[in-house]
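Protein chains in written order, with our numbering: chain A, 1247 to 1629; chain B, 770 to 1021; chain C, 23 to 558; chain D, 684 to 1113.
All clues stand as given, with none of them false.
List of simulated lysine-lysine pairs, DSSO-like, C-alpha gap at most 27 Å:
hint, chain 1, residue 1, chain 2, residue 2
1, D, Lys911, C, Lys204
2, C, Lys129, D, Lys984
3, D, Lys903, C, Lys157
4, D, Lys910, C, Lys67
Hints were generated in silico from the structure; no laboratory data involved.
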Amino acid sequence: MSRYRLIDGAGLIFLAIVLALAVLVPASNLWLAPDSALHIPDYLVPLLGKYLAFALLALALDLVWGYCGILSLGHGAFFALGGYAMGMYLMRQIGSRGVYGNLVLPDFMVFLNWQELPWFWLGFDHFWFACLVAIAVPGLLAFGFGWLAFRSRVTGVYLSIITQAMTFALMLAFFRNDMGFGGNNGLTDFKEIVGYPLQWAETRAALFAATAVALALGYLLARWVVTSKLGKVVVAVRDAESRTRFIGYRVENYKLVVFTLSAMIAGVAGALYVPQVGIINPSEFAPANSIEAVIWVAVGGRGTLVGAALGAVIVNAGKTWFTGALPSLWLFALGGLFVATTLLIPKGVVGAVTDILGIRRKSELPAAPGVVAPKTAPAEPAQ
Amino acid sequence: MTIGGEVTSALLYLDDVSVTFDGFRALNRLSLSIGANEMRAIIGPNGAGKTTMMDVITGKTRPNTGTALFQARHDLTRLDEASISQLGIGRKFQTPTVFDMHTVEDNILLALKTDRRPFPVLFSKRTREEKERIDALLERVRLTASRHRSAGELSHGQKQWLEIGMLLAQEPKLLLVDEPAAGMTDQETADTADLLREIAKTASVVVVEHDMVFVRDLGVKVTCLHEGSVLAEGSLDAVSANERVIEVYLGR
Amino acid sequence: MLSGLVRLIAFAAFCAALVAGPACADAIDDALSGFTTDKYDDTDKALQGLVATAAPNGLAVIEALAAGRLLFDPESKTVLYKDASGALKLAKTGEPAPAELAGKPLKTVRVNNRLRRAVDAAGGAFELRSPDAAKRAAAARAVFKTRESTALPAIDHALADEKDAAAKKALEQARAAIILGKADAPEAERAAAAATVASVADPDALAALRTLPADTPVSVKAAAEKGVAAIERWATVANVIQNLVYGMSLGSVLLLAAIGLAITFGVMGVINMAHGEMVMIGAYATFLTQSLIGAYLPALNSASLVIAIPVAFLVAGAVGALIERTVIRFLYGRPLETLLATWGVSLILQQAVRSVFGPSNRTVQTPEWLQGSIEILGVSLTWNRIAIILFALAVFFALQLLLRRTSLGLQVRAVTQNRRMAGSMGIRTPRVDAMTFGLGSGVAGIAGVALSQIDNVSPNLGQNYIIDSFLVVVFGGVGNLWGTLVGALSIGVANKLLEPFAGAVLGKIILLIAIILFIQKKPRGLFALKGRAVEA
Amino acid sequence: MLKIIGGAVAAGALAAAALFGAAGAARAADDTIKVGILHSLSGTMAISESTLKDAMLMLIDEQNKKGGVLGKKLEPVVVDPASNWPLFAEKARELIAQNKVAVVFGCWTSVSRKSVLPVFKELNSVLFYPVQYEGEESERNVFYTGAAPNQQAIPAVDYLMKEEGVKRWVLAGTDYVYPRTTNKILEAYLKEKGVAAEDIMINYTPFGHSDWQTIVSDIKKFGSEGKKTAVVSTINGDANVPFYKELGNQGVKATDIPVIAFSVGEEELAGIDTAPLVGHLAAWNYFMSVDTPENKDFIAKWQTFTKNPKRVTNDPMEAHYIGFNMWVKAVEKAGSTDPDKVIDALPGTEQANLTGGVSKMLPNHHITKPVLIGEIRDDGQFDVVEKTPDLVPGDAWSDFLPGSKDLEADWVTLKCGNYNTKTKKCGGGA
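Just chain A, with the same shape it has in the complex:
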C-alpha cells in the first residue's frame, strides 16, 4: 500500500537543518569567540529568528494554498493577531518602567488619558494567557470567516479578495487610536519576557531556538496532516472539488479545518516574531504583507511545505541583503526575482531542484497546478 511516509528525504534534511540551527546558532553566538569565522554576531540572531518566524507563516500558508487550493491573501492578519497577543503581554511586563512610570497602563494609554485598563487587556500579564490568545484568536477569526465563506461556497479569486478585505479592515481598525492597541505606533519598547530581559544575548538565543523548534514542530504537524487520509481528501478538494462532494465529503468542513489550523500556526509565528523584532504595529496587517507571504511560498515551491519555508528565508534574506547593499535599486532586484521565478521556475526552487535531480518520488505529492480556483469537474449543467 502506498502510504506517504511522515518524514521523507527532503523533510529529514529540512528537520536536520532547522534543529541543527536551533543548537548551533545560539551556541556559536554565545560561546564562540567573536573573531572566529563561524561566530554568529548578536545582530544576526534575532534576524535569523525573524526569518524562521516568517518560514513558519509560509508553512501555514502553504497548508491552505498548496494543499487545499485556498489562496488566502489575508494570512498576514492571523500572523499580526498572534503578534499583538504577545505584544500585549510584553507591554504589561514593562510595568512601571514606562516613561510615565504608570504601573498598570502602557504609556500610550497614559497620554491618551485612559483611566483604567480596557477589558480586552485583562489577563495579558500572564504569559500562558497571551500564548493561548495568540493561538485562539486567529483560530476563531479563521473559523468564523471560513464558516461563512466556505459553506456559501465562495471560491477562487472571490475568496482571495475577501480575505484581503478582511486584513485591510483589520489594519484600518488597529490604526485607530481609540481601539486601545496603540494606533499607528503599535506596541514597542518591550523590556523582558518571562522575567528575562530581551536585551540579553541569552534571551535572544533562547527565542531563536524556540522559533526553530516551533518551525520543526509546525512542519511535523503540517506534514502529519497532509500525509493523513484527511490530507488526501484535501488535495482531492483542491483538484476536483465537486467530485469530492459527489463521493460524499462535505467539502466546506474540510476547508474549515485546514484553514483554521493554518491560522493558528500563523498566530504562533506572529507571537514568536514580535519579541525578536521588538515591535508590532498595524502595518503588519497591510495586504501587501500577505501578498508577499504568498510570494515566499511560490518562490520556494507551492505544495511542498519545505519549499514554503525555504522561500520565506530566501526572499527575506534577499531583502535584508539588497536593502543594505543597493538601497536605491533593491526593488528592481526583488521585483525581478518574482518575475523570474514565475517565468523560469513555476514550480519554485524545490520543484526546480527535484526536476533537475530527476527525483520522482512516489511518496511526494506532486506540486499543484498553478490555479487559483480549484478546477471544478466539467459537469456543468448541459443545456
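With chain A fixed as given, assemble chains B, C and D onto it according to the hints.
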C-alpha cells in the same frame, strides 16, 4: 402517464419536477421513477435535460417545483451533494473525473464507504478489510496492475473505469452514469456494458447514453427525454418505433 | 479698522466727484509713504489713506498690492507698481517710472491675510462705482459679507443710479444685511431686512442672522430666527443631497480606478497587481504633457489636461502591451502566477518612476475651467468633481461601445470566451491578448489623468487604489462591466452616507465588512455571469 | 543518511555565513568615521525621507571637503528601511552592530523612532532625529533637532488669535500620535485661553486619506457660525495634497478660513498647484524664503549638490544641518566618537541655524529654535509673516498634559529623561 402507484416500491421517485435557468426550461414537469435493482437507460437529444435531471437527483441543482424522493422518504430537494451521496446515490460524470494527483488505489480509498467527518478521517488508519475491499474493487475494474500509478496517467477508458470503481466503493443503492461509453473502443464499450449489468444485480443503475448500440447492448427499459419531460418509455424497439421520438431525432 | 476705512470710502465718493485739488495731492503723498516702512500696520494705514484720497489710480495701486506687484525703493521711499503687463509705473500718478529707479533693488510691499481682507473691502469700495455691472455686484457681495453699517451711504449712493438688475439685487441684499444689524433703523424695516437676508441662504446669511446683538427688538429677532430656521430646514435636505453627490463623485473615482482592472482582471482573468502602477503612469504622463506644453506651446496650457488624455492612454497602453508580451502571455490559465509576476512588475515600475522623477510629488496644474465650485440651492458642487463624474461615465460608455460594437471588441470577447475556438476561426489571439491588456492598461492610464487632479502624483499613487479597485470589480461581479459601474457607485455612495455618522475610518471598516458578508450571499458578485464559462 | 544530514547542516551554516559574511565584508578601513543614514528610500515615506538622505550626503561631503573630523574622512552608510517599522529596528541594528557607525541620522515618523529606540539604548549609540514631533520623550541616546509642540503649535495658535482674531478652531489631523498629542495640548491651551468647548472641532482621518469632500464641507459649515474660524492642520504627508486641492476647489479662501499646518513645508507644496492656497499658513522653525546669508549659501550648495536649480529646502533639512554640525563640534570637543563622550559633550553645544540665530543643545536633548509663521505664496514658497523675537527652548514634556506636567528631562545634572518633580524620582510619576 401517472406512476403514483409505484411510490412505495420506487427507489427513486421524481414527480412534476421543473427547473428553469433564467427563462430557459431545462426540466419541464418531469416525472420518473426507478425501482430497486432496476437498470434504466435515458436517451434524448442534446438539451433534453438529461444532465439537469442528474443534477437535481444529486442535489447540485434545486428544482423550482416538484418532488424528488429517494427510498420514498428522503427528500432530495432538501439535501446537499454530500448527504445525498451518503444516502447511497453515486454519480459518474460525462467526462471522467478522478483525482489526477492521487494514485489509483488512493482514489478508491477515498471513495470507500466510511465515516466522512473530518476528524475521524484525520485519525483513520487503513484497516485490513479496507485493504481487501480495495484489492477486490481494483480487480473488478481491472486496474490492479496500475494501482500505484497516479490517476492522471491513466488512459481515457481506464479513467472511466476507475471512476466507476470509485462509485462502487461507495456501495451505492443508485448509480447515475453519464455516457460511460463516450470515447471508448468497441471492446471497452462491450466490457463496460457487462460491468454495468453486473452492478445492476445489486443496485439500481440509470445510464444516460447517446450510443444506441450500447443501449441495445444493455437491453433494458428505455426512457426518452425531450425538452425536459418524458417523451416515451418502454423497450428500445418500442421507443425507437415511437412516431414522436423519430420526429425528435430525425427532425422530420 | 474696517469701519474707519469704509467711512472714508463714503467721503471718498464725494471727494472723487470734485476735481482733485492740491489738498488731495499731499494726502496721497503721505498715504503712499506708509507703504515704504515694510510694516503691516503702516501698510494698512496707507491703504486707508489711499482710499480716503480716492487717488485717481488708487484702484490700480490696490490691485497691484493685492497681486504683490506694489514695490518701493527703500532709499528714495518712492512707491511704484508693475501693471498687469509688467511695466514699472509711479504709484502716485501712474506715469512710467524714471529709468534710474528701475535699476534700483526694489522691495515688494508684503501683505498678510488681514491686509488681503482690507484690500478686498477697499477694492470693493472703489468697485461699487465700477463701470462693469458684474464688478459692482461682486463688490456688493463683499459688503454683504462684512455688513459694515458705515458702508451704507456708499451702498445707497450706488443703489440710487443702479440699472443692472443683478447688481441691484446684490446691492439691496447688502443693504438689508446692514440694516438688519443697524440698531437705529426702524424695527419694521429691520424685520423685513431679515427676510431679504434669509433669502440669500448661504453661510454669510446665516452668520448675519445669527450674530444679532442682545438688545435687538423681539420682532426683529423673531424674523431672524424664522430666517435661520428656514435656511436650516433646507440645509438638512441639502445635506443628504450633498452626501449623495459626494458619494457619486467618490464612486466615479472608484469606477475610473477599477474599470481598467475590469478588463485586465475581469475579462482576461489576469490578477493584475500592476494595475495601480498603470494609473500612476497615466498621472505622470499627464504631468509630462503639461510641463512640455507649458514649456513649448504655452498657448495650449488650458487644454493640456485634455491633450493628456490620449497621451496617457497611449503611454500606459503601450507599457501594458509590453508587459503582456514579455511576461503575462506565458502565464495564461495560471491566474495565480500572474498575481506574483505582476506584483513583481509593480515593484519594478514604482522604483523606475522613483528613479526617473524622484520620490517626491509632482505638480499637476488644475486648469481654470476646473477650479472653483457652484452653489445650487445650498448644495455646493466643485467643478472638478462634476467633471470627474461625467468623465468616468464617458469612459465607461466609450468602453462599452468599443467592446460591443467594434470588431476589436468582438474579437476580444471571442478570445476571452473560447481561446481555441477563436484561434481556429483565424483570430490572431496573441495580437488580441496584447491589445486587450493594452486597452485595460490604457484605460487605467486615463484614470491617472483624472486622479492627478485630486490626489498625489507620486510613485505610490497606484498602491492607494489597487485594493479598492479589486474590491469594486469582485463586488460588481468579475467579467461584467455593468457590475463594475454599479459596484463602484454603490460603494461610493454607501461610504459617503456612512461617513457623517461613523466617521471616515469606521465607515470604511463597516463597508468592508458589509462587502465580505455580501459576497457570502452572492458568491459571484452583484452581476454574476450565468452559464458555463464562469470560473475565474 | 547521516552523511546527508551532516552535509545539509554544513550547507545551511555555510549559506548563512556566506550571506552575512558578504554583508559584513562592507567593513572599511579605520581611517574613516562612519555615519549611518536611516531614511526610507522606498515605500510611503520615501516622499519625505529620501530628501533628507541627500541632505546628509551633502553635509558629509561638505565636511570632508573641510578635512573631515578629527583628521578622519567621514564615510556615509546608507540603508533603506523601506517605510517598514520593524525593518527600521533591524537596519539600525545592522548599522550599529555590523557597520560600526559612530552616529546615525534618521527616522521621520514617530513609530519609526519608537521602533529603533530600544536598539540605540541597547547598543548605546547616538541618533539624531530631525522632524517635529509630539514630544513626551527624552532618551539618553537620542537628540531631537526637530520642534517639540511648544516650538510650533502654541506660537502658531497665538499668532492666529492675535493677527486674525480667530475665535473658533478646527483641529484636523491624521490619526496617529503626533496629531493626537498636539491637539490635546492645543485643546488644553485654548480652553485655558477661554475658548468654549463647542468652538473647538476635532477631526481625525486615516493615513493617506484622499477623499476630503465631506470633511472640508463640514469645516465650511463649522465656519458659518459668524465667529472667525481657523483650521489647525496636523494632517500628515500624503493626505495633504488632496486636502488642499479640495480646499481650493470648494473655495475655502485663506481670507475666510485660514488653515495653519505643522507638517506642510516647501517639499510638500512642490506637489501642489499653490495658486488657490495663497495666504494659508504653516508654522516651522525654518523657511527656504528666509533671507539670511547662511541660508542663501545653504540653498546654493544644496541646488548644486542635487544639480537641480529648482530643488527646494525645508525645515527637517535645517534640523539635520544643525544636528550634524553640533555632532561634529561635540566629537571634536570630546576628541573621540565614543558615544558616551559624545553624548556628554553635546548638551551646551551651539550652532548657528539658518535663520540668523544660534541654536543650542539643551540638557533635555532638544534644541532652541525660533518659531516662524509663513503664508503660502503662489510660487510654492512661504512668506514669513511672524518670527519669535528670541529662540524657544524645546520642551520634552508638555505642561498642558496631565500625565507629563510634573516630568522633566535633564541628562546633565539629573541624568534622567523623565524625572518627576513631585515624587522626586527618576522613572516617571506614580
